[in-house]
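S.K.: Listed below are the residues making up each chain.
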Amino acid sequence: MHDLARRLLGLDRRWIFLVIAFGTVLPLLYPLGLPIRVSPEVRKIYDYIERLPPGGVLVLSFDFEPAGKPELFPMAVALLHHAFQNNLKIVGVTLWPAGTGLAESILSQVAQEHGKVRGIDYTFLGYAPGEANAVISMGQDLSAAFPADHYGTKITDLPILQGIRSLRDVHYVISLSVGFPGIDTWYVYGKEKYGFELGGGCTAVSAPRFYPLLNTGQINGLIGGLRGAAEYEVLLAREGKAIAGMDAQSTTHFLIIVLLALCNFFSVFTRQTGRTRYR
Amino acid sequence: MHGSSWGLGTSEGHPEERGSSFIIFFLLFLPLCFLCLPVVAREAPLEFNLEAFDMPGDGGGSIGLRWQFPPLAQLDHPSSYVYRIFMSAQQDGEWRQLAEFPTNTYYESEVSSPWWVWGAKSPARHFFQIKSNSDLQLANGKLYFFKVVLTDGQHTVASVVASAVPQANLFNWAKLNNLVFMLAFSATVLLWIRRARRNPHIFLRRIPGLDAVEEAVGRATEMGRPILYLTGSGELGGSGDPSNLSTIAATIILGEVAKRTASYGAALQIPHRAAIVMAICQEIVKEAYLAAGRPDTYKEDMNFFITADQFAYTAAVDGIMLRERPAANFFMGYYYAESLLLAETGATTGAIQIAGTDAEHQLPFFIAACDYTLIGEELYAASAYLSREPTLVGPLRSQDIGKGFLLVAMVLGSLLMTIGELLGTPVLRTALEIFSDFK
Amino acid sequence: MVFWKRTLPVAITFMLGITFMLQYYVPHPASEALLREVSVWNQIIAGFAVILGVASLLQSHAQKIKRKAPGWGYSVVMYASMCSMLGFGIWSEGKGEGTAFGWLYTYTLVPLQATMFSLLAFFVASAAYRAFRARSPQATVLLLAAVLVMWGRVPLGEYLLPGIGQVSDWIMNIPNTAAQRGILIGISLGAIATSIKIICGIERAHLGGGQE
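Residue numbers (the working numbering), protein chains in the order written: chain A, 783 to 1061; chain B, 1280 to 1718; chain C, 164 to 375.
Worth double-checking, as some hints may not be accurate.
[Unchecked claim] For the chain C half of the interface with chain A, some residues (derived, Cβ under 8 Å), not all of them: (1) Q206; (2) A288; (3) P318.
[Unchecked claim] FRET-style restraints, in silico, Cβ to Cβ: (4) A/A1043 / B/R1473: 32 to 40 Å; (5) C/W266 / B/L1601: 26 to 34 Å; (6) A/L786 / B/L1569: 54 to 62 Å; (7) B/G1629 / C/G210: 41 to 49 Å.
Keep in mind that the hints were calculated from the coordinates and are not lab data. Every residue, glycine too, gets a C-beta built ideally from N, C-alpha and C.
So that you can see chain A by itself, here it is in the shape it has in the complex (with noise of 0.2 Å):
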């Protein structure tokens, strides 16, 4: 028993892998459909995009790169299906160069369901660069941080942006990040100097470090993670790919829970065994 104990405490990991990988695979196959509490966080966000006045100005920046595309193009569609839902106008910038296609190929996709008109309901201003000064420039006076938008469309000849001279002007700032540049960035030198609203969703990883940001009010709200953004889908009653998620997650989770409870059983039951041995 001790010996066996010991075999699987180092177990090749590729059989982990392997249990994971059903435990991902199987829900994605056969949902199990639980209900999804949502949190106060992200309420908070979704209570404040109802508050705003049609036609107000929100900017979202898609501050992630492909690697983040799992967790975070899930609540970026749920935003800007919500945004759009409410007529709102949606100004699009990101703050990573890689992002830019994926930024893109979001916004111009949801619009379309939605019937928006570019240039009218939505834009896309494309990648600044400069991370810290970008977010600084564009407070200041948006024109110079954008001459232009994605498309070569000059600003001032743009509907969407009449009346926007800065960000000061506009009514809320989602940042969605994945690392630096990101929510940090839009509040350091984007809120405390400019004064708009922020929020901000990221990584499940993440998260945690926002919460100090969140609790002292300098973000509105956060959608942490894949759970985060499933939450937001069912404020929404609109299942997308991040409810879909959740059920793999909620299986990948618990077998490492009783991977940790297992690993831990066999380490002390070696222990103790092995004293008992060399009693």
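Keeping the supplied structure of chain A fixed, place chains B and C upon it in accordance with the hints.
M.R.: Okay, now just chains B and C, sitting in the frame of chain A:
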């Protein structure tokens, strides 16, 4: 009849006649008084004491209006009244309505401004700020006129007209506390660098992970396998980039590790993600080998550039770990999602792993996968401990002083706030505004 | 030479550092205009830094191919990938929709990056099994907190044990936030100290050297 009329003054009439006259007058007059009272009250002027002033500490284009509560209790249905704010560019010019709001809103006590700028905030005063926006442009240096009107739609009471000139200010006094703390801390840093130069033996506690550095290098030499040293994802370039500090610390520790590998004759491999960091590390390693007296064993390609892309770099380093099976892996600097991919792969090769990062979101993965982890400031302390450079030791001490000050401030502040709430006095809260952030 | 490589950059750093440190406290429109101008200049310089990064990458791999260093074949692959992406990008004028550049981005870069990121799920499981053991009281507390948060963050956990979600939220909002604040304060003080050293020319790592 002499004296004042109505029998109230001296008269020649009989006292009993005088007394009954008085009673008749009083009985007739008194009800009239009561009937007239509301009319008299309605017609008494409602004092606003309206003040208009340039908002302090801004770039101009903003005016503040402050006025006292008029006695609304005198009015019929006071809750149906609203305030309207009017503005004009000329004293007798056309008035433009800027805002309308209920009488129980916009109090001066809600203003977010510190006591050294605003003074005492009266709960008996209203405050409204007029700011330039897309619909309204207040030009600096130009005189504007304002009035506040109290109305329920039918009855209207207006304040006297007040005027003010918006001006651009040279200093935002609300941020004075911020400036003072910043200067005080900066002075502390510079002072302690100076002290560290005079006395480099300032006490620093021994970081446990540092003992493992010697062990790791010795192990690699015995096994005849290389040491892999990573400096993280920092680029030492971006503005506000949180990785700068830990990347600098990582390069300092690399110098010390390089001295030991030079002495022991172990092979050192340093794959890079950022060209600037690679250039710095090349100099550092060369100098380390020179200092150890082994310039002949230094090789230019110890430092090599892979790619700037996060996961391409991670895949490449994982490949190096699996092929070359280094005896020791050092993960120093700032890491993102690649931390676990690197550490776990290294663990499978049986290498001794020492990590050091201030990326708090990656610390759990390093702690789980590595043998030793330098957490947050232990990384900065390690670089100071190893090098004993005054420019590293001094700031470390000043940071400790800063943290001590903040700790005391937080504990005292929480106590005082609690006492203030229990006693119901706002005085302590006002005093603690020294530590608040104002725009 | 020392003047151009050391003295002048340090002098520029000092002047601009002090200027923009004080700019934060000056609300005057002239100060804001200065910030606006310098931000635009910084954006332009950052754009050029991207080109420098690419040039540096091409140069280092070219050296590897020239010397036929171990793994030089991968350098050839790197060159081919970069040149094709660059070429298609220029040909498509940077447009992604319906272009070869867009196809390469969507069907090569996106799945490759997403795959690498997805490996983390498997690595977390194997690392947890291998190392996440209750060896000490602190490790036990860490393990317990991890289990509670993992349990409470998924619908299955809340279904099996109602109320666990609130426990998980409490852990995130109270102990986690307190710890994050402590770390944030420490790091921020460190960042201020480093910035002071850089502005005063004491720290010169960014210039390619060590300390003063």
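S.K.: Go ahead and decide if the range 32 to 40 Å is satisfied by the Cβ distance of A/A1043 to B/R1473.
M.R.: The hinted range 32 to 40 Å is violated for A/A1043 and B/R1473, with Cβ atoms some 56 Å apart.
S.K.: Taking 41 to 49 Å as the stated bounds, is the beta-carbon spacing between B/G1629 and C/G210 within them?
M.R.: 45 Å, holds
S.K.: For the hint on C/A288, does the least C-beta distance to chain A fall short of 8 Å?
M.R.: Cβ of C/A288 sits 5 Å from chain A, so the hint holds.
S.K.: Going by Cβ atoms only, is C/Q206 closer than 8 Å to chain A?
M.R.: Nearest chain A Cβ about 4 Å off; hint holds.
S.K.: Does the Cβ pair A/L786, B/L1569 satisfy 54 to 62 Å?
M.R.: 55 Å, holds
S.K.: Closer than 8 Å between Cβ atoms is the bar; does C/P318 clear it against chain A? Give me holds or violated.
M.R.: 4 Å, holds
S.K.: C/W266 and B/L1601, beta-carbon distance inside 26 to 34 Å?
M.R.: 32 Å, holds
Of the numbered hints stated above, the single one contradicted by the structure is hint 4.
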